[in-house]
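J.: Sequence:
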Amino acid sequence: MATFDPSWLEILRCPLAVQDKSKTDPGRLELVREHWLYCAESGYKYPIRNGIPVMLIEEGAKWKDVAIDQLPTPPPEK
1 MATFDPSWLE
11 ILRCPLAVQD
21 KSKTDPGRLE
31 LVREHWLYCA
41 ESGYKYPIRN
51 GIPVMLIEEG
61 AKWKDVAIDQ
71 LPTPPPEK
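Just so you know, we're using my numbering here: the sequence shown kicks off at 1 and counts up by one.
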């Protein structure tokens, strides 16, 4: 299984949160539970599958109401 390179956190941003142009550097993400990217601004959580973040707004929205400690690891395939 491929692993996520944490250096990507410097460039990846939440695709929903970056739409807010009133903030400086919106949409920063943090790695949680080794397999998820979390955006505190939007509350969206994006799964990392086979080392690749799935940065689709629809995917992040699916997991928004799931508590971080309840996110499945590894994330389901679909």
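Just so you know, the hints here were simulated from the structure itself, not pulled from any lab data. Mixed in with the good hints, there may be bad ones.
Stated by the list, open to error - Straight-line distance between alpha carbons at most 25 Å, and here's what the computed DSS-like set of lysine-lysine pairs gives:
1) K64 x K78
2) K78 x K62
3) K23 x K78
4) K78 x K21
Said to hold, decoys possible - Label-pair distances were calculated between CB atoms; the ranges are:
5) T24 x P74: 16 to 24 Å
6) L9 x I57: 27 to 35 Å
7) D20 x E77: 17 to 25 Å
8) S7 x R33: 26 to 34 Å
9) R33 x I57: 32 to 40 Å
10) S22 x A2: 17 to 25 Å
11) E58 x W8: 33 to 41 Å
Ideal Cβ placement from N, Cα and C applies to all residues, glycine included.
J.: What are the numbers of the hints the structure violates, in ascending order?
T.: Violated hints (numbers, rising): 3, 4, 5, 6, 7, 8, 9, 10 and 11; every other hint is consistent with the structure.
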